[in-house]
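K.L.:
Chain by chain, the residues:
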Amino acid sequence: MAAREIALTPRIGRLPAVAIRLHDLVVTTDHKKLGLMYIGAGLVFFVIAGSLASVMRLQLAAPNNGAVSPQVFNRLFTMHGTTMVFLVGMPIIAGMMNYLVPLMIGARDMAFPRLNAFGFWMFFFGGLLLYLSYLAAPGITGAGSAPDVGWFAYSPLTARAFSRGHSTDYWTLSLLLSGVGSIVSAINVIATAVSLRCKGMTMMRLPLFVWLSIVTSFMILLALSPLSAAQVMLLLDRFLGARFFDTQAGGSAVLWQHFFWIFGHPEVYILIIPAFACLSEIVPVFSRKPIFGYPIMVAAAVMIAFISLGVWAHHMFTIGMTSMGNIFFATSTFLVAVPTGIKIFNWLATMYGGKLRFEPPMLFCIGFLFQFLIAGLTGVMLGVAPFDWQLHDSYFVVAHFHYTLVGGFLFGIFAGIYYWYPKAVGRMLDRRLGIWHFWLFAIGFHLTFDPQHFAGFLGMPRRIYTYEEGRGWEVYNMISSVGVIAQVAGIMCFVVNLVRSYWKGEPAGEDPWDAWTLEWATTSPPPEYNFETLPAVRSSRPLWDLKHPEDPDWKYE
Amino acid sequence: MTKADALNPPVEPDDWRLPSRGVVAVVCLIVTETALFAIFVVAYLYYIGKSLGGPYPSEVLETPVIATICLLSSSLTIILAERAFERANAGGFRLWWAGTIVLGAVFLALTAMEWFRLLTGPRLTISANLFGTTFYSLVGLHASHVIVGLTLLTLTMILFLLRRVRPAHGERIKLISWYWHFVDAVWVVVFTVVYVIGR
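Top to bottom, those sequences are chains A and B.
Numbering-wise, our numbering puts 126 at position 126 of the first sequence, and it's gapless, one number per residue.
Just add 1000 to wherever you are in the second sequence, counting from 1, and you've got our numbering.
Hints are computed from structural coordinates only; laboratory data are not their basis.
Please note: incorrect hints may appear among the correct ones.
What the hints assert, rightly or not - Not close to chain B: a few residues of chain A, all C-beta gaps over 10 Å, as computed:
hint, residue
1, L255
2, D393
3, R471
4, M478
5, R500
6, E528
To be verified - Quick partial rundown of chain B residues pointing at chain A, CB under 10 Å, derived from the structure:
hint, residue
7, A1025
8, V1026
9, L1036
10, A1128
11, G1132
12, Y1136
What the hints assert, rightly or not - Here are the simulated distance ranges between beta carbons:
hint, chain 1, residue 1, chain 2, residue 2, range
13, A, P527, B, G1091, 46 to 56 Å
14, A, F239, B, R1117, 16 to 26 Å
15, A, G241, B, L1045, 18 to 28 Å
16, A, P138, B, E1062, 42 to 52 Å
17, B, I1158, A, D393, 49 to 59 Å
18, A, M204, B, G1170, 28 to 38 Å
19, B, I1030, A, G472, 47 to 57 Å
20, B, S1144, A, T247, 25 to 35 Å
21, A, M204, B, I1030, 23 to 33 Å
22, B, S1144, A, E557, 45 to 55 Å
23, B, W1016, A, V44, 35 to 45 Å
24, A, F328, B, V1189, 18 to 28 Å
25, B, L1045, A, R288, 27 to 37 Å
26, B, T1154, A, V496, 49 to 59 Å
As the structure is a computational prediction, the values presented were derived from the model and not from experiment.
Beta carbons: idealized from backbone N, C-alpha and C, even for Gly.
Kindly produce the complete structure, drawing on both the sequences and the hints.
P.N.:
What follows is the structure, encoded as structure tokens:
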């Protein structure tokens, strides 16, 4: 072993520093590097997909606008949706779980480090494959470009007759690849959180972040493989002439909708639960109080996971289900609101009477609470089947899910990034730029998505590339597009902050926020082995016990 | 109080035991594979009797009795192999493990013969009708899992014959057998759906 190292060192030593770093990234199995690679790649895709959305808002700013053609517009919303869900949301949550779960449970790495690297590269090449479609999808027939069938790719749009060339195939294959990546990383997270806990870390002492990572990973196991199954069926249809979704041969287009949403609805909870996880760590630390109702928080997350597996057809009220079907899916949709409400009340109860510190992570958490509440309320409205018949496929729906995914998910993730960046990099993010980021992005978010509710009420359908004058939609669309400017400015503050603080930020030290979970017990950034000696814990706030030996938590737990 | 003391409190649970990571991972794998099969089974059930033209299952399908007996009894032989391994009985392990491989291979060969008969005789292809589509995809998905299982079994056999398998590998032997039991259990569902309900 030693001889081999000696032989290798001089050869690598001659390479430029950049090449050594790249080589290190390609071969690494360290959970922290992979976690940051997931998040980094996710943020790059976020900027790309955000740019696609900006072009759409430019097109829709005024009626009868001709900035892009209808065909290009179809590609824009398909690529925007697909990228945001599969190449932004999924890798960022995978990255956060990868980075934090081993640190929080006092472990040296994930349970399967090489599987972890495999999962990352599957996601990464899946993403590249999706964007390769712009160049390669025309193939020898010259038909097609990037996928243009919408992010849920309803049949029969995906049939050979209607989707010529290979655009749909690129969509399918890239989702299959990144889906495999998500599944192996979910298996890894569960195995790590169950099997690698340090001494004394019982399940009910796990940080809530770890608990919710387990819940979200379990949902990935149950939701992503149905998506893979549906993608395999679509591939068989397109390449071998199978008849799954071929209505000419008795196949059912509705079956695709069922299969897609069996994945699609749990998917939104897969994304939002890690945001819940960030809040559950950040709100207590910045309120200087332990989380309110720990066991109820765990139970509520598990309830959300189970109920969300039985609500998918509320995306399909307008296809003409039986009234029993409508009633079942409407009721289950209302039920999800109960555990979600419990969570919101518990965060508020954690803040209540606390000594609040309005640092950037906490600002984003508070923004989350307001916006996610409204998103939940419009969600309950859409769960009422007759209401949905009126507003299905309108901008009201667009506004609703952007409230959950931008106002909810993204704000939670930003809170997490501001909170854990000092741990990962060893330097603080700039506070002033962070506050600018928060306000610009929050104002831009509301300008963009609040008016879309009203455009939806006035009948504006989603996915139209332009509209005529005189329908009363002009002002809402104009405000909506103007909001993008503030959002972009906010994101620029964020990117500048990330890059600048990497070199120039204030040194963070081990524990800049005076927090209580184990990741703050090691250096920032943590060494490759995480902890010199593996810790042992006696309560769910081990660092509180460390800092307050006169009044430790384990006396009361 | 130093940091190490607080993080290593004096009162310690001595019997700190956690489930093995391999066991957890294989259970998770089986959960996700179950969801995968569930979708194909639902598609099969949904499309029963919806084909617009022949050949129909009642005309062309024959109950694969021998294949089913082979696959189900391979679950028994792999248990016997596992027991022999635990008792460090190398001869017994070799015998029963090889028996499992043979039974799995016979199942696969019989499936191949059935497909050959269906393709050449009544010309049932994957694009013939909905029955062909769902039949080949569901049975094919299961057969592909049998192939993966057989690969694992054969690899283990080769490593065992090369004396690379040590007693410490008992858990991995157990996990391979769990996967194999799962493949068998799925066949019970596929058999019921395709050859009992679907006809």
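K.L.:
Can the suggested window of 23 to 33 Å be confirmed for the beta-carbon pair M204 of chain A and I1030 of chain B?
P.N.:
holds, 26 Å
K.L.:
Regarding the hint that V1026 of chain B lies at the interface with chain A, is the smallest CB-CB distance below 10 Å?
P.N.:
holds, 9 Å
K.L.:
Given a cut of 10 Å on the nearest C-beta pair, is the interface hint for G1132 of chain B held or broken against chain A?
P.N.:
Hint holds; G1132 of chain B Cβ to chain A Cβ min 8 Å, cut 10 Å.
K.L.:
So the hint says 27 to 37 Å: do the beta-carbon atoms of L1045 of chain B and R288 of chain A match that?
P.N.:
violated, 56 Å
K.L.:
Holds or violated: is there a CB of chain A closer than 10 Å to the CB of A1128 of chain B?
P.N.:
At about 9 Å, which falls below the 10 Å cut-off, the nearest Cβ of chain A leaves the hint on A1128 of chain B intact, so it holds.
K.L.:
Just to be careful: measuring from the Cβ of L1036 of chain B to every Cβ in chain A, is the smallest value less than 10 Å?
P.N.:
Hint on L1036 of chain B: holds, closest Cβ of chain A at ~4 Å, below 10 Å.
K.L.:
Take the C-beta atom of F328 of chain A and the C-beta atom of V1189 of chain B, compute their distance, and say whether it sits inside 18 to 28 Å.
P.N.:
This hint holds: roughly 25 Å between Cβ atoms.
K.L.:
Would you say R500 of chain A is clear of chain B, with no C-beta pair closer than or equal to 10 Å?
P.N.:
The claim stands: R500 of chain A keeps its Cβ more than 10 Å from every Cβ of chain B (closest is about 32 Å).
K.L.:
Decide, holds or violated, for the assertion that all CB atoms of chain B are farther than 10 Å from the CB of E528 of chain A.
P.N.:
holds, 20 Å
K.L.:
Regarding the assertion that M478 of chain A does not contact chain B, is the least Cβ-Cβ distance greater than 10 Å?
P.N.:
holds, 44 Å
K.L.:
Indicate whether the distance between the beta carbons of I1030 of chain B and G472 of chain A respects the range 47 to 57 Å.
P.N.:
holds, 55 Å
K.L.:
Given a hinted range of 49 to 59 Å, is it respected by the beta-carbon distance of I1158 of chain B and D393 of chain A?
P.N.:
Taking Cβ atoms as reference, I1158 of chain B and D393 of chain A lie about 57 Å apart, which means the hint holds.
Figure legend: structure checked against the earlier numbered hints; hints not met, in rising order: 1 and 25.
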